[in-house]
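K.L.:
Mind docking chains B and C with the ligands on chain A? Use the hints.
Chains as they are written, first to last, in our numbering: chain A, 4 to 118; chain B, 4 to 118; chain C, 4 to 118.
Derived by calculation from the structure, the hints in this document are not laboratory data.
One thing to keep in mind: the hints can contain errors.
[To be verified] Cβ-to-Cβ under 7 Å is the rule here; a few derived chain B residues that face chain C:
hint, residue
1, Ser32
2, Phe33
3, Asp35
4, Arg37
5, Val95
6, Val98
7, Glu99
Built from N, CA and C at the ideal position, the CB exists for glycine as well.
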Amino acid sequence: MKKIEAIIRKTKFEDVKKGLHNVGIDYLSFWDVRGVGKSVEERVYRGVTYDTSSIERTLVSFIVRDKYVDSCIVSIRENAFTGEVGDGRIFVYNVEDAYRIRTGDSGDRSLYDEE
Amino acid sequence: MKKIEAIIRKTKFEDVKKGLHNVGIDYLSFWDVRGVGKSVEERVYRGVTYDTSSIERTLVSFIVRDKYVDSCIVSIRENAFTGEVGDGRIFVYNVEDAYRIRTGDSGDRSLYDEE
Amino acid sequence: MKKIEAIIRKTKFEDVKKGLHNVGIDYLSFWDVRGVGKSVEERVYRGVTYDTSSIERTLVSFIVRDKYVDSCIVSIRENAFTGEVGDGRIFVYNVEDAYRIRTGDSGDRSLYDEE
Ligand SMILES: Nc1ncnc2c1ncn2[C@@H]1O[C@H](COP(=O)(O)OP(=O)(O)OP(=O)(O)O)[C@@H](O)[C@H]1O
Ligand SMILES: Nc1ncnc2c1ncn2[C@@H]1O[C@H](COP(=O)(O)OP(=O)(O)OP(=O)(O)O)[C@@H](O)[C@H]1O
Ligand SMILES: Nc1ncnc2c1ncn2[C@@H]1O[C@H](COP(=O)(O)OP(=O)(O)OP(=O)(O)O)[C@@H](O)[C@H]1O
Ligand SMILES: [Mg+2]
Ligand SMILES: [Mg+2]
Ligand SMILES: [Mg+2]
Chain A
4 MKKIEAIIRK TKFEDVKKGL HNVGIDYLSF WDVRGVGKSV EERVYRGVTY
54 DTSSIERTLV SFIVRDKYVD SCIVSIRENA FTGEVGDGRI FVYNVEDAYR
104 IRTGDSGDRS LYDEE
Chain B
4 MKKIEAIIRK TKFEDVKKGL HNVGIDYLSF WDVRGVGKSV EERVYRGVTY
54 DTSSIERTLV SFIVRDKYVD SCIVSIRENA FTGEVGDGRI FVYNVEDAYR
104 IRTGDSGDRS LYDEE
Chain C
4 MKKIEAIIRK TKFEDVKKGL HNVGIDYLSF WDVRGVGKSV EERVYRGVTY
54 DTSSIERTLV SFIVRDKYVD SCIVSIRENA FTGEVGDGRI FVYNVEDAYR
104 IRTGDSGDRS LYDEE
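Next up, chain A with everything else stripped away, as it sits in the complex (with noise of 0.2 Å):
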């Protein structure tokens, strides 16, 4: 099992989770973070300044089995792009165990009715 962290403009999460959806994940969590680098808050792109601390952030979460991992960072990367600097980033984790607390069903099994 692996987590993808994906820290998305807050704006495309609507178009994030559809195309989720489509590779077959219905399941997952999100927050609002912010995120600051004092190198992007004076950054110069194509020769104009760039400030992207200000774009508000998503982050979601989630937890697939390991044969879902690439194809949902495609659909991440389709559905969060815009092309213009602070689209954002898409993390990968290892997970060691996981619980479905109705059910106790765990480990991958405890994934399945959701992908």
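P.N.:
Using the frame of chain A, we list chains B and C with the ligands on its own:
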């Protein structure tokens, strides 16, 4: 060391916190999150359609020594449980290192007085 | 790649951010969290009872190449430190992969311009 991350009903937070205290865990971090899922939003369970995306969620996150993991999982499952759809999830991750800022303690040692 | 997660006093955030900039880290994500602990709430330290659960907390999270980890830990410890109970914690996790959405860069390469 392991990180335990539980996404629970917000209404169950105090119970979960007390339950963890009873198994020796006195330190944790938490924040509010939201959860979505197309299949969840129009889910049929026992013949009724449930939308669990409106359930308020708290993400509880804490780092413990390996030997505490099993009792924490049991405790969270007992205290976050209602039996209705939407009771939530528990995920376990490996932690590479830990530091206590005030004392400079690192590794397992930095976790002692909270267990 | 590693994720560094620091749970600090909210009042120390600007110092921690500047300190990280000084060791070459210009990108990070952060959000407000709360922390609890029964033993903390009725903790005796130097003969006085402290309740650190009311201290406002910020969780700072960022991903760096391995060679930056040690200097980041030192920097956060220096800049989040007051010497009073409740200065907080730092945790380190392994990261399996990273992507920059705009460019499609992955792995260490996706982290270059932020270091
Ligand atoms: N290494 C990192 N660790 C944690 N969060 C990061 C990291 N890099 C970027 N972020 C988060 O992603 C957000 C987007 O970063 P930024 O605006 O620089 O876009 P970007 O992904 O670098 O794209 P671009 O290359 O177009 O600037 C930041 O505000 C921050 O929240
Ligand atoms: N794979 C996942 N990754 C990240 N978060 C998840 C995942 N699955 C569930 N969640 C989070 O847990 C919350 C609870 O999910 P949900 O309401 O479906 O309950 P459940 O744990 O699936 O229980 P039930 O089987 O009774 O539906 C979601 O709103 C979401 O925040
Ligand atoms: N094991 C842990 N897992 C997750 N979060 C933790 C853990 N220990 C501490 N925290 C977080 O760090 C915050 C600071 O903890 P606390 O006030 O006890 O300070 P401390 O780091 O233990 O320093 P001191 O030793 O001076 O008390 C807590 O409120 C909580 O949010
Ligand atoms: Mg950038
Ligand atoms: Mg469900
Ligand atoms: Mg303490």
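K.L.:
Each hint needs a verdict: does it hold in this structure or not?
P.N.:
Do the hints match the structure? See the list:
1. Ser32: holds (5 Å)
2. Phe33: This hint holds: Phe33(B) lies near chain C, its Cβ roughly 6 Å from the closest one there, short of 7 Å.
3. Asp35: With a closest approach of 9 Å, the Asp35(B) hint is violated.
4. Arg37: violated (13 Å)
5. Val95: violated (12 Å)
6. Val98: holds (6 Å)
7. Glu99: Since the shortest Cβ distance to chain C is 4 Å, the answer is holds.
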